[in-house]
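Two chains, two separate frames, one set of hints: put the complex together.
So the protein sequences, as listed, match chains A and B. So in the numbering used here, spot 63 of the first sequence is number 63, and the numbers just go up one at a time. Numbers given in the numbering used here equal positions in the second sequence, counted from 1, plus 1000.
Any given hint could be a false lead.
To be verified - For lysine to aspartate or glutamate, the following DMTMM-like pairs were computed, each having C-alpha atoms within a straight-line distance of at most 25 Å:
id : chain 1 : residue 1 : chain 2 : residue 2
1  : A       : LYS22     : B       : ASP1075
2  : A       : LYS22     : A       : GLU39
3  : A       : LYS22     : B       : GLU1071
4  : A       : LYS22     : B       : ASP1070
5  : A       : LYS42     : B       : ASP1070
6  : A       : LYS42     : A       : GLU62
7  : A       : LYS22     : B       : GLU1074
8  : A       : LYS42     : B       : ASP1075
9  : A       : LYS42     : B       : ASP1088
To be verified - Listed next, with one range per pair, are the computed distances between beta-carbon atoms:
id : chain 1 : residue 1 : chain 2 : residue 2 : range
10 : A       : ARG8      : B       : ALA1125   : 47 to 55 Å
11 : B       : GLY1023   : A       : LYS42     : 35 to 43 Å
12 : B       : GLY1110   : A       : SER46     : 54 to 62 Å
No lab work stands behind these hints: they were computed from the structure. Just so it is clear, CB atoms sit at the ideal spot from N, CA and C, and this is done for glycine as well.
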Amino acid sequence: MTHSITNRIRRLRFDHGEMTQKTLAELSSVTRQTIIALEANKYVPSLLLAYRIARVFEVSIEEVFQFDQMAGDSGNGRPG
Amino acid sequence: MHPQQRHARFNLIVALSAVVPAGLGYAVLFMLSGPKCALAAFGFFGICALWGFGGRFYGKKENSPAVTMDERDEDIKRRAMVIAWAADWLYWGLICMVPWFVVVLRFGVGRMHEPVIPIFWLPMAYMVTGLVHTSAWSIAVLVLYGTGGGDDDA
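Just chain B, same shape as in the assembly (with noise of 0.2 Å):
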């Protein structure tokens, strides 16, 4: 397996391991305390830092003499990229969009400018952000790479 297949497997791993119990948490904590006390299960989120590592884990090794990246392996990485902020204009074309027609179809037009949403859910979709961006460089390298960049051997 390739070290950039590794990383996003990596980063998948991770992406899962906070969004997993962030989901749970929420759940539960809605339930038990209600919504305030809930939004303290998105401290989850937090573990999305270990990502910071994959680079230090899958990079390019200095004194590695073999190849390990070559032009193969550029283009699923630039192409990933694309995908990945093709993920993120989509995400944030929803996020910007559902609530608006939301309230639209809720209050009508002309009182669409009443309905507030708290300051706090900002930099929650600007982290949300991130997430959608590696989770989507990560599914697109794997799936880029697919089944021809195995081991079988010759």
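Chain A extracted, bound-state conformation (with noise of 0.2 Å):
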């Protein structure tokens, strides 16, 4: 079973008034680099990161992260 977390971290900083990667960064206490992958979906933050990077957009978690399955998963995970 292949799944994937993508977010709208980019689309949450331009609508939070066009805030820098760099700013986020300290919000979320990371690095930008962090924040670049993040955008890039080349890595997926640990539970409390999402948190704090939902918090800084003070929006819940979802809203910020989506769990995706990808295409030919059989969707219950179970066999047969």
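What follows is the structure in structure tokens.
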């Protein structure tokens, strides 16, 4: 079964007064490189970091991160 | 570029600065003076002592207000260390098993206790472990950061 976590960080940054990656990094206590990796979907954050980022944007965690099932997935995860 | 990437790049440059002249020096001295004198070329491995400055140059700055190591950096550091230890195991497996295979194939199982390895090679093998470990860690760090950790602006 293959899954991926996507996010709307870039969209939310622009919705919040075109917040820079540097500002978001400082507010969520990470490096700017990590924000870059997150926006490129190259890194899946810990639950703690996910909450911190959601808190910066004052939205729920589901509004920032989405859990996606990839094409070809059977869906229920059960054999047969 | 993250300080950890700079540290890895520094380690690789130092490793190359030691391995290349050591290899070339060994080859030249081997041809000119024979195998015993050629061992002197391994003195170039002393350049690797410069690794000791890496932590000083690229380590955490005490008065720096910005976050320099977050969870992703720690994760990369941990995974690179696992890869480095795996490289150590592979290296030791190879240096222990390859000579044994060569001896068995050349002399046969019945005489495999007869050939000896100069004791000089033991500290050399140990020092090369450091080279393998640091190089594997550095390459792993650079690969794990990949291009996603670049400086594209936003």
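Agreement of LYS42 of chain A and GLU62 of chain A with the hint, judged by alpha carbon distance not exceeding 25 Å
Judged against 25 Å, a Cα distance of about 19 Å means the pair holds.
Straight-line Cα separation of LYS22 of chain A and GLU39 of chain A no greater than 25 Å?
Holds, at roughly 13 Å.
Given the hint that LYS22 of chain A pairs with ASP1075 of chain B, does the C-alpha gap stay at or below 25 Å?
Roughly 21 Å separates the two Cα atoms, so the pair holds.
For LYS22 of chain A and GLU1071 of chain B, compute the direct alpha-carbon distance and say whether it is at most 25 Å.
holds, 17 Å
Given a hinted range of 47 to 55 Å, is it respected by the beta-carbon distance of ARG8 of chain A and ALA1125 of chain B?
holds, 53 Å
Hint check for SER46 of chain A and GLY1110 of chain B - Cβ pair distance inside 54 to 62 Å
holds, 59 Å
Is the gap between the beta carbons of GLY1023 of chain B and LYS42 of chain A within 35 to 43 Å?
Because 36 Å falls inside the window, the suggested range holds.
CA of LYS42 of chain A to CA of ASP1070 of chain B, is that 25 Å or under?
holds, 15 Å
When you check the alpha-carbon spacing of LYS22 of chain A and ASP1070 of chain B, does it fall within 25 Å?
Distance ~14 Å between LYS22 of chain A and ASP1070 of chain B Cα, so the pair holds.
Starting from LYS42 of chain A, check that the Cα of ASP1075 of chain B is at most 25 Å away, please.
Roughly 13 Å between the alpha carbons, so the hint for LYS42 of chain A and ASP1075 of chain B holds.
Are the Cα atoms of LYS22 of chain A and GLU1074 of chain B separated by 25 Å or less?
Measuring from Cα to Cα gives roughly 19 Å; hence the hint holds.
Is the hinted pair LYS42 of chain A and ASP1088 of chain B satisfied, with a Cα-Cα distance of at most 25 Å?
violated, 28 Å
Violation of the numbered hints given earlier is confined to hint 9; every other hint is satisfied by the structure.
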